[in-house]
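Chains C and W are the protein sequences, given in the same order.
Here the first sequence stands for residues 1 to 368, where the numbers follow our numbering.
Here the second sequence stands for residues 369 to 693, where the numbers follow our numbering.
For the record, the hints were derived by calculation from the structure and aren't laboratory data.
Mixed in with the good hints there might be a few duds.
Listed next, the in silico DSS-like pairs over lysine-lysine satisfying Cα-Cα at most 27 Å (straight line) [to be verified]:
1) Lys620(W) / Lys131(C)
2) Lys620(W) / Lys268(C)
3) Lys143(C) / Lys638(W)
4) Lys638(W) / Lys222(C)
5) Lys139(C) / Lys638(W)
6) Lys47(C) / Lys240(C)
7) Lys620(W) / Lys145(C)
8) Lys344(C) / Lys638(W)
9) Lys150(C) / Lys638(W)
10) Lys638(W) / Lys268(C)
11) Lys322(C) / Lys638(W)
12) Lys620(W) / Lys301(C)
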Amino acid sequence: MSDKATNYQCPSCTGPLHYDGATGRLQCDYCGSSFDPAEIEKLYAEKEQQAASQPETGSDTGEWQSSADEDWGTDADKMRVYSCPSCGAQLICEETTAATSCPYCGNPTVIPEQFSGILKPDYILPFTLSKEDAVSALKQHYKGKLLLPKLFRDNNHIEELRGIYVPFWLFDGEAEGSANYMATTTRVFRYGDTEITETSFYEVQRAGTLPFSRVPVDASRKMPDDYMDSIEPFDYAGLKPFSTAYLPGFFADKFDVSIEESSSRADKRCRQSLSDALQGTARNGRPYTSVMPTGEDIHLKRTGVHYALLPVWMLNTRWNGKNYMFAMNGQTGRMVGDLPVDRKRFWGLFAAVAAPMTAVLTALLYFL
Amino acid sequence: MKNKRKLRLAALLAVLLLLFPAFAVEDDITDESDTSTTQTEETDQTAPLGGTDSIDPSADKPRVFDYEEVLTQTQIDTLEEKTRAIAEKYSIGIGIITIDDYTPYGDGAYDAAEQLYNELDLGASEDGDGVALLISLDDRDFATYAHGAKAEEIFSDAVQQDLESYFLDNFGNDDWYGGFSDFVSGCEWYLQHVAKGGEAGVPVHNEVEISDSTQEDTADDSFSLGGAFGLSLLISCVIALIVCMVFRSQMKSVRTQTTANQYVGNGGLKLTLSRDIYRYTSQKRRQIPRNDNNNNSTGGGHGGAGFSGSVSHTSSGGHGRSGKF
């Protein structure tokens, strides 16, 4: 495997370029020039062709060199070492790392080989929200939370804030199935001195198909599944054919959860959706008093799987010795993350509600 | 207003208890006092019943006639003691009668109650004021009968109907003593209520007060306040907990998705089968309790369906109600 990396540099001043979500262009941190991603991609494709026809020149081509002969013991298979083409520092990365930045010189760097051949994603959804948007969204996330500890709100410093292109599998398919229900209608009427409760029983049969398009399942073991579920949905209208030109300035990983491993999560959700939909047709608009499922048989037919990189801002804070993680959809701004509960505030609120209510109710019950 | 007066009275008693313990305790024990301002007021209020000046000589006679022997001797003695005390204090006789069959006495339980009330001389005072409860066990009929101007005014048809709600459930469970005991307690509560200035003949549905009816007003008030506080505290705590849990749920925003409804493709659900097949119908029948004793006594009564389907009766000597349990 080739471990070459690309450091996108400004064609004008050779300064590092990073992708700016707000403008949708690659911007130079030094001279302020901006470039269309397609333009840079074309430029670097030409460079790669030239490099392929010449002997490797290492940092002269702006590419990182891996140190394949380093001894990493049992972790060797999971680690990669690169030399930064800008400052020459040796960096240790996980094997899935596809885009990162040098902690010494700060240059954003892409490892295109992680996304070549069959590993190349079909789509990428570029970031539209910036780091500042994420910080602002986190503050907004704290608002209106009465039980949030004041110290957490006031002294909370973001320890880590990273924009990550998270690998996702997008599943296309169709759920097909049938379900049976026992439904009842109830009528109560009087006949002379007798009250009669009449219950009619019906066997309700439903079958149908429900198509699904691009059900997302994150394909990175590092990303918590529940966080990735919670920041849904993404607006797929913004999907673009994959290009590494969108990566500079952000982190990116290639997938390390296979389609087979991920499909069960998508299947489970699709199965439940069809089950709910079928049951809905038995309940809604029908005269039944009750509808009880008696059997269900649902099959899933997969029609396609897409590999996409979706934008996520990950924020980490630490409070009282405990880590708190937040995730924000880099496209829609949806922020999620569990917050600590201040016990004193909890019981204070309890007392503030219970005490006056007890007094008022006692007065009402006693005097009225 | 009445409750405020009770509160003021309770506060005054509390002050008296603190300042003059011996004096106050004595006041608590006895109902009548010439020296206490508050007790004088109470004596004035009981005056309309006319039973506090002297003991009615007719009070000391049997008023529990358990022909069907459904009560133990101890229970009879207890009930006799209660009815005697009531007759002495309020000059109203409370009668209790059990028979196996009402037919020898008339067309229904009410006729039997009226006839036996007079034959057994259950009333008190010169006018024979009183109220009786009769049960006829063969047909599970009951009747209440009030006699005399004072008793008829206090134990109006509406009050008798209210009293039924206290003893009928006991009779329904064959708890004879419990039913009679509740009836006597209920009668006593209404007499006490009127003696304290309450409106005669108007039902006041208050099971707690009736079942715990005592001679001490302050005890009733404190229990009522305590009950109101306890109930309010319970309700408030539940509501406060719900409010807190709502705010607590806001702190959690990370949840695993269980459906893929947001990714349903064009066209949505396509039903390929939609069949509703009728299988069978089952019926549950419940007999609605109905009183078959619809014949009214002399004077033309009126009836209605209640817990036991009881009806009202009016006759020349008094009025009452009857029904089944």
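Outcome of the hint check:
1. Restraint check for Lys620(W) and Lys131(C): satisfied, since their Cα atoms lie roughly 23 Å apart, inside the 27 Å limit.
2. Using a Cα cut-off of 27 Å, the hinted pair Lys620(W) and Lys268(C) holds, with the two alpha carbons roughly 23 Å apart.
3. At most 27 Å may separate the alpha-carbon atoms for a hinted pair to count; Lys143(C) and Lys638(W) exceed this at roughly 43 Å.
4. Proximity of Lys638(W) to Lys222(C) is assessed by CA-CA distance (about 38 Å); at most 27 Å being required, the pair is judged violated.
5. Taking the CA atoms of Lys139(C) and Lys638(W), the gap is about 44 Å. The hint is violated against a cut of 27 Å.
6. Note on Lys47(C) and Lys240(C): the hinted pairing holds, with a Cα-Cα distance of about 23 Å set against a maximum of 27 Å.
7. Between Lys620(W) and Lys145(C), the direct Cα distance comes to roughly 11 Å. Compliance with the 27 Å bound is thereby established for this hinted pair.
8. In summary, the hint linking Lys344(C) to Lys638(W) is not supported, as the alpha carbons are separated by about 53 Å, beyond the 27 Å threshold.
9. A distance of roughly 52 Å separates the Cα atoms of Lys150(C) and Lys638(W); the hinted pair therefore is violated under the 27 Å criterion.
10. For a cut-off of 27 Å, the pair hint linking Lys638(W) to Lys268(C) stands: about 20 Å separates their Cα positions.
11. Taken as a hint, the Lys322(C) and Lys638(W) pair is broken in the structure, with Cα atoms around 49 Å apart against an allowance of 27 Å.
12. Only pairs whose Cα atoms come within 27 Å are accepted, and Lys620(W) paired with Lys301(C) is rejected, the gap being roughly 35 Å.
Of the numbered hints stated above, those contradicted by the structure are hints 3, 4, 5, 8, 9, 11, 12, listed in ascending order.
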